Every structure is written in C-alpha cells, then in structure tokens.
Amino acid sequence: MTDALRFHWRLPQGGERAGASRALLASRPESALPDVDYQASFCRTAEDLGIESLLTDFGWSKPDSILLSAAIGLQCTRAKFIIAYRSGLICPTTFVQQLNTLSALIDGRFSLNVVAGHSPDEQRSYGDFLPHDERYARTEEFLAICNAFWHGDSPVNYEGRFYRLENGKVATPFISSDGAKGPELYIAGNSDQAMQMAITQGSCWMMMADTPAKIFAKSGPVLESRKTIGLRMSVFARPTREEAITAARAFAAERPAGFDSKSAESRFVTGGDTVGMRKTFELAESEWLTPWLWTGLVRTHGAPTLAIIGSYDDVAEALLEYKAAGVRQFIFSGWPKLDEMVRFGSEVIPRVREAEAAAA
Amino acid sequence: MNTEIATRPLRFHWSMSSAGQQQRAAKSRAAVTGVPDLDALTAFCRHAEECGIESLLTAFGFHRPDPLTLAAALAMRTSRIKFMVAVRSGVCSPTLFVQQVNTVAALSGGRICINVVAGHTPEEQRGYGDFLDHDERYERTDEFLTICRSFWRREPLINFEGSHYRLENGRLNLPFLDGERSSPEIFLGGNSAEAEQLAIKHADCWWRLPDKPEVLAAKSRALAASGTEMGLLMSICVRPTREEAIRDAYAMVADLGEPPRTAHREFRKRSDSVAFLSTYDLADRFDWLTPYMWTGAVASLGAPAVALVGSPEDVAEGILDLKHAGVSQFLFVGWPDLDQMTTFQRDVLPLVRELEIRDESSERKGGTA
Numbered sequence: 000m001t002d003a004l005r006f007h008w009r010l011p012q013g014g015e016r017a018g019a020s021r022a023l024l025a026s027r028p029e030s031a032l033p034d035v036d037y038q039a040s041f042c043r044t045a046e047d048l049g050i051e052s053l054l055t056d057f058g059w060s061k062p063d064s065i066l067l068s069a070a071i072g073l074q075c076t077r078a079k080f081i082i083a084y085r086s087g088l089i090c091p092t093t094f095v096q097q098l099n100t101l102s103a104l105i106d107g108r109f110s111l112n113v114v115a116g117h118s119p120d121e122q123r124s125y126g127d128f129l130p131h132d133e134r135y136a137r138t139e140e141f142l143a144i145c146n147a148f149w150h151g152d153s154p155v156n157y158e159g160r161f162y163r164l165e166n167g168k169v170a171t172p173f174i175s176s177d178g179a180k181g182p183e184l185y186i187a188g189n190s191d192q193a194m195q196m197a198i199t200q201g202s203c204w205m206m207m208a209d210t211p212a213k214i215f216a217k218s219g220p221v222l223e224s225r226k227t228i229g230l231r232m233s234v235f236a237r238p239t240r241e242e243a244i245t246a247a248r249a250f251a252a253e254r255p256a257g258f259d260s261k262s263a264e265s266r267f268v269t270g271g272d273t274v275g276m277r278k279t280f281e282l283a284e285s286e287w288l289t290p291w292l293w294t295g296l297v298r299t300h301g302a303p304t305l306a307i308i309g310s311y312d313d314v315a316e317a318l319l320e321y322k323a324a325g326v327r328q329f330i331f332s333g334w335p336k337l338d339e340m341v342r343f344g345s346e347v348i349p350r351v352r353e354a355e356a357a358a359a
Numbered sequence: 000m001n002t003e004i005a006t007r008p009l010r011f012h013w014s015m016s017s018a019g020q021q022q023r024a025a026k027s028r029a030a031v032t033g034v035p036d037l038d039a040l041t042a043f044c045r046h047a048e049e050c051g052i053e054s055l056l057t058a059f060g061f062h063r064p065d066p067l068t069l070a071a072a073l074a075m076r077t078s079r080i081k082f083m084v085a086v087r088s089g090v091c092s093p094t095l096f097v098q099q100v101n102t103v104a105a106l107s108g109g110r111i112c113i114n115v116v117a118g119h120t121p122e123e124q125r126g127y128g129d130f131l132d133h134d135e136r137y138e139r140t141d142e143f144l145t146i147c148r149s150f151w152r153r154e155p156l157i158n159f160e161g162s163h164y165r166l167e168n169g170r171l172n173l174p175f176l177d178g179e180r181s182s183p184e185i186f187l188g189g190n191s192a193e194a195e196q197l198a199i200k201h202a203d204c205w206w207r208l209p210d211k212p213e214v215l216a217a218k219s220r221a222l223a224a225s226g227t228e229m230g231l232l233m234s235i236c237v238r239p240t241r242e243e244a245i246r247d248a249y250a251m252v253a254d255l256g257e258p259p260r261t262a263h264r265e266f267r268k269r270s271d272s273v274a275f276l277s278t279y280d281l282a283d284r285f286d287w288l289t290p291y292m293w294t295g296a297v298a299s300l301g302a303p304a305v306a307l308v309g310s311p312e313d314v315a316e317g318i319l320d321l322k323h324a325g326v327s328q329f330l331f332v333g334w335p336d337l338d339q340m341t342t343f344q345r346d347v348l349p350l351v352r353e354l355e356i357r358d359e360s361s362e363r364k365g366g367t368a
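Sequence lines, in order, name chains A and B. Numbered according to numbering that gives the first Met the number 0, the first sequence spans residues 0 to 359. Numbered according to numbering that gives the first Met the number 0, the second sequence spans residues 0 to 368.
For the record, the hints were derived by calculation from the structure and aren't laboratory data. A hint or two may mislead.
Stated by the list, open to error - Which bits of chain A does chain B cover? Going by a derived footprint, with three or more residues having C-beta under 8 Å, they are: (1) 36 to 44; (2) 69 to 79; (3) 178 to 189; (4) 229 to 238; (5) 338 to 346.
As the list claims (entries may be wrong) - Here are the simulated distance ranges between beta carbons: (6) B:239 to A:176: 55 to 61 Å; (7) B:79 to A:36: 16 to 22 Å; (8) B:155 to A:349: 29 to 35 Å; (9) A:277 to B:132: 53 to 59 Å; (10) B:135 to A:286: 39 to 45 Å.
Quick caveat, the model's predicted, so the values are computed rather than measured. Don't be surprised by glycine CBs; every beta carbon is placed ideally from N, CA and C.
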C-alpha cells in the first residue's frame, strides 16, 4: 500500500496540554519548558495509533527542535519527528552535523520541515535581515548544500550569493536502518517560491490547507515532478457531525482571562510576510469552505487551525477527497490534544485504510 | 594571584571525545570515525560520575559528532555529570546558540557549561563557510559572547549592531534553568594574547595549555584582578611507581610509531592556533617542564598531550605546584582514559585534597590570610 495516506501530528510543547493559541503560548515562559515524560508518552501513543511522525515546532518561544527531538527520540522506538527549522540561523555544515548526529542516536527517525521564515520580526531577532524573496533564495542555497552533504560527494564545495564553503566535510554520516542517506525534506509555505523549492530541493510541498479543488489546482508542477503534497491543518472528529461542530465551537469560545487571542493573532499575521498565513486569514471570511472545512479558529488561533470537522465517516471521506486531489500527507493538530489524536487514530485511520484497500 | 581563587579546592574535568578509543589523537583527524556509540558514551559518563569528575568536554570538529546534540542525548541517560560543550563562533546565530544551550539546560537540570574556541585551522573553518583570519575570528567571538551574555542576563529585548552580528529585538522564551546559575559557566580556550583578553572579558575560566609553572604564575598574576580563573588542558599518566609511569608513557609513544608523528607535522603546518603551535615549540625545547610534567608525547598526540607522569604522590605534588602557580581547574585526557579516571579518584584526588588542607592550615598559621 505504497500510495497510502500518511498521517503526522503536531507534538504539544511542554507547557501546553490543553488548547491554547500561538499568541497566548508565546506570552508564557513556562510554555517553552520541555516536558519530556509527557511528550515521550504522547509519541508512544502516536506510534501505537499509526501516526507516523510528530512535528516539533521551531520558534523563539520554544525549546530547540533538534535537541528536543534527541531527548524525546531516545524514549520511543518507532515514532519519527518532523523537525521544523529555518535557514539563515546556522551554517549548513553545522546543521548537517547536528542532524547526522541525531540520526545516529535515533536511527534516522526524523524528517525536516523547512520554512524560509514567517515573520521579519522574528528573523531579525535571530540576526536575519533579508526580505521574503531573498530568504527563499538563501534557503534554496542552504538546502542545496545540505543535499550535497547527504547525497553528493565529499568534500562539499559551494560558492553562492549567501554561502561559500571550501572542502566542507562532516564525518558523521546520516544513519538510518531503512538505508536513507538523508532526511525526507518537507518545504513549508504557500508561495510560488516555496513550491519551486519543493520541486528543486524537497520531497514534499507542505501547504496550509484549502479546499481539495483549490489544492489540486496549485499542485500540478509538484506532482509532475514526482514530489508529494502535504497539508498542515487541524481536525475535529466525533461520532456525529453535530458533536464535532459542538466541540469545535466550544473550543473556539474558550477565552483565557485577560488575553485577546484575536488581536494578537491578527497582529502576527499583519506583521508577518508569509503568503500562506495571510491567505488563510483571508479565507476565514466565510465560516465554511466546504460542508466539512471550517475556518472558525483561523483568526484567533492561526492558519494551521483550518479544520476538517465531522463524524468519523465524514472525516475519512474528506481525507479521501484530498487524496483524490493529489494530497498524500497531513500534519494535524487537534483539541484536546491527546484525545483528538487517539480518536483520529482509532476511528478515522482504520476507515481510511479500509477504503484504500477496497480501492486497490 | 587572586587569593579567593587560590584557596578554593581544585576542580577536575575530563575529556569525553576519546570515549571508546584508546589513543584518539594518534589518528589523523580524517580517520577518526564520527559515529557516536551512545552506549559506550553513556558508560563513560556514568564512570566519570562515579569518579567524581565534574564535567566532560564534548569537543567540536568536523570529524566528531555534534557536541550539543550529544549532550542533549547523554543528559537523558545520566544524572550528575555536566557537559562542557565546545562551541565556535561563526557557525550559528548567537540567538539560536543560546536557545540550544538553554534547551540542554532545561533537559538536564542545568548540567551544561560551554567551552569557547575560536577555531584552530583555517582549512577546517572554511569547511564551515568561515573565511575570517585568526584575529578577526577573535573579534567575532567577542561579539558572539557579548550577545550570548545579554540573553543570559535576561535582558528583555536585545539589540546589537557590530561588524559581524546584527540583532533586532532579540528574545527567547526559555531561560537558562539551573538551581544556582542563570547562565552557563563559560570556559574559553587559547594561548594567544587575544584569547587571554577575551577570557578576561567574558569567561569564568581561561583554558590554556601547560607551560612551566613560572610562566603560568606570571599569567595568573595578570589575570588576578579580573577574577577569571586559569585552567589547564593536559594529559595524565599515573602508575603505582614513577618508574612504571615513565616506562608506560614512553612505551605508549613508541607503540604509536611514525604515522601519528607525520599526521601532527602536517597539522602543525596547517594550524594557526597559537596554543597548539606554542606547545609543539615547547615540546621541541624541553622534554620535562617540571619533574612531573612531560612533553614527550606531544609530537605524536598533539598539544593536549603535555602530561603529568608519575606515582600518585608525584602527580598530586605536580598538581599542587600548578595550583601554586595559579591554576584552579584541570581538564584531563587519561592514558588510558577509563583506568586513569579510576586511579585519579582512588589514588590521586585524596592526596590532592590532603595537600590542599595542609596548604590552608599552614597559611592560617602563617597569618597571611
């Protein structure tokens, strides 16, 4: 079943067990504290449910995603990590050295989700002053060098606009018992530059969700180049559609005392220069994009919360619609975090697998 | 000498980079495997914990695994040992570096300190995309540490504009967490005048390579006002008797044969490290720097191979001589590592502590304190 849909989940940060918006989390220092025991048990639950990998976020308000994956990866055996990272913060040689070291410690159980950066404000805090398009040009060079270390001949020589390397060597190879020579590379972002980079350097274009028709309309060049399409989104699956909608509305209505998520998120979007975040924010003009695609959380909780909502059957059907539109992978968030993943894994995934087997 | 530092008990650290290999530096750097053996390293760390070693140096270089990633993993498998993580400026944004160090601190309960090195061969630096010369590397390291320390002081928004780094509203959510400190202890290595100045400005302890005690004493007098400590990176070969220790040390060098000497001659040509080059020179001139400090292995094993060689009594004396010259911390490589850690803890350390107490009481009697 090589064509099977692949499901990933966002790993909750240590201080974040219940639902909370991005803006709220960033305002709480304790949210940055790793909680390795809880996070590792979350990963082991994911393993048992057939969730392939856990997304470890990158950002100034969080612990480092590579090192967190090392700590948690030692406490589980099958779960992989999707390590979110940005270019421009670290020299590609060191980056490859860190990742190859990690691969040797946890048998290569990770892929990379590379973002060119989503807010100039945050990038400058890391010492990166390039504008949006330049960041993509640099990320392209960054990944070309990383790929040369993983798939090319050593030593690596490179002379570009942003990077120059002379006889770059990393003695620690990428190690994985499945024989891969480097991590799977997701390129995140909805802009044309992101799409181009998925084609030239990546293995999957990871987009913010939209309707299957709109995703399909954008996917042509990526699919033609034999790369895959992935969606970063959320899900509310319940026994009935009514229960799912009730749960989603109740979650949206939760307001932490004294904190205005709505204005914080809209400040984040207007301050940012990402195409994906802004487009998704605009989509939220209408509450429903299809009978099962709900935007009700987007303006308070951010673009990744565009959600599939419905009964277990509804959600399975929606996933198969995406599959028909060319999508092969999903990174989901859900609330309550663990419960939603358990429901999804035990109720939705088996329905999808059944339908996939019947179609084969 | 700074009297406050001089009366503190000596602190001992060990190098971890050799775990699983008998004579790491005898191989040419290209031949050393970079694949970490987590079980062997874990066993090494636990042994060090049992031997009362305070921290283990995880070195940095293209031929090794990444030290921060290794520290994060090993922290999960150990409970007391600290990791002294080597860092070079110029390979990472200071914001990200602080984030990574703070992450290891949060994972380990603050069991991380950093060892800053400016880089030792232009050739290796270029493999990391770094084309600066020796002096510019120090200037950049200065800026790098200035920014890092602003983060560790928990300044709310960090702005910096230098010739190598620029930051606007730098911030991190995760602080450096440790019961006692709000920043990692900073060690800084290098024998050059630039390294010394940088250590005085930013570091808690200046790591340097050994020299004659009188040379070290002059250096430590110069450091005294700053409160920066002086530590030595060196090797150790302790045997029941002085004769056995010397015999083993010579035999080890003889066994290594010619290839490592050739490798080090090559390395010597390529390196622009003042510390490494001056130690090769020192070893050319003197076989013994003191009756207990031998340079005979430097040509085969490199600059960190200036060694304390002798019986437990000899080595304890040798260590105290260095303490009197102003040295307050040691980072050892053992010949061989695991055995020497055990021997050090069982046979040498008690003597050192005894001698320290004797020093202290004689000082009190003398009324100099």
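Going through the hints against the structure:
As drawn, the region 36 to 44 of chain A meets chain B at 0 residues by the rule of a beta-carbon pair under 8 Å; below three, the given contact is violated. Counting residues of the region 69 to 79 of chain A whose C-beta sits closer than 8 Å to any C-beta of chain B gives 4, which meets the bar of three, so the coverage hint holds. With 0 residues bearing a CB less than 8 Å from a CB of chain B, the region 178 to 189 of chain A misses the requirement of three and the coverage assertion fails. Counting residues of the region 229 to 238 of chain A whose C-beta lies closer than 8 Å to any C-beta of chain B gives 0; at least three are required, and the coverage claim is violated.
With a threshold of 8 Å between beta carbons, the proposed coverage of the region 338 to 346 of chain A by chain B is violated, since 0 of its residues qualify and at least three are required. Look at residue 239 (chain B) against residue 176 (chain A): about 46 Å separates their beta carbons, and that is not inside 55 to 61 Å. The beta-carbon spacing between residue 79 (chain B) and residue 36 (chain A), approximately 19 Å, falls within the hinted interval of 16 to 22 Å. Taking 29 to 35 Å as the suggested C-beta distance range, the pair residue 155 (chain B) and residue 349 (chain A) does not conform, at roughly 50 Å.
For residue 277 (chain A) and residue 132 (chain B), the hinted distance range of 53 to 59 Å is not satisfied, since their beta carbons lie about 44 Å from each other. A beta carbon spacing of about 58 Å between residue 135 (chain B) and residue 286 (chain A) contradicts the range 39 to 45 Å that was offered as a hint.
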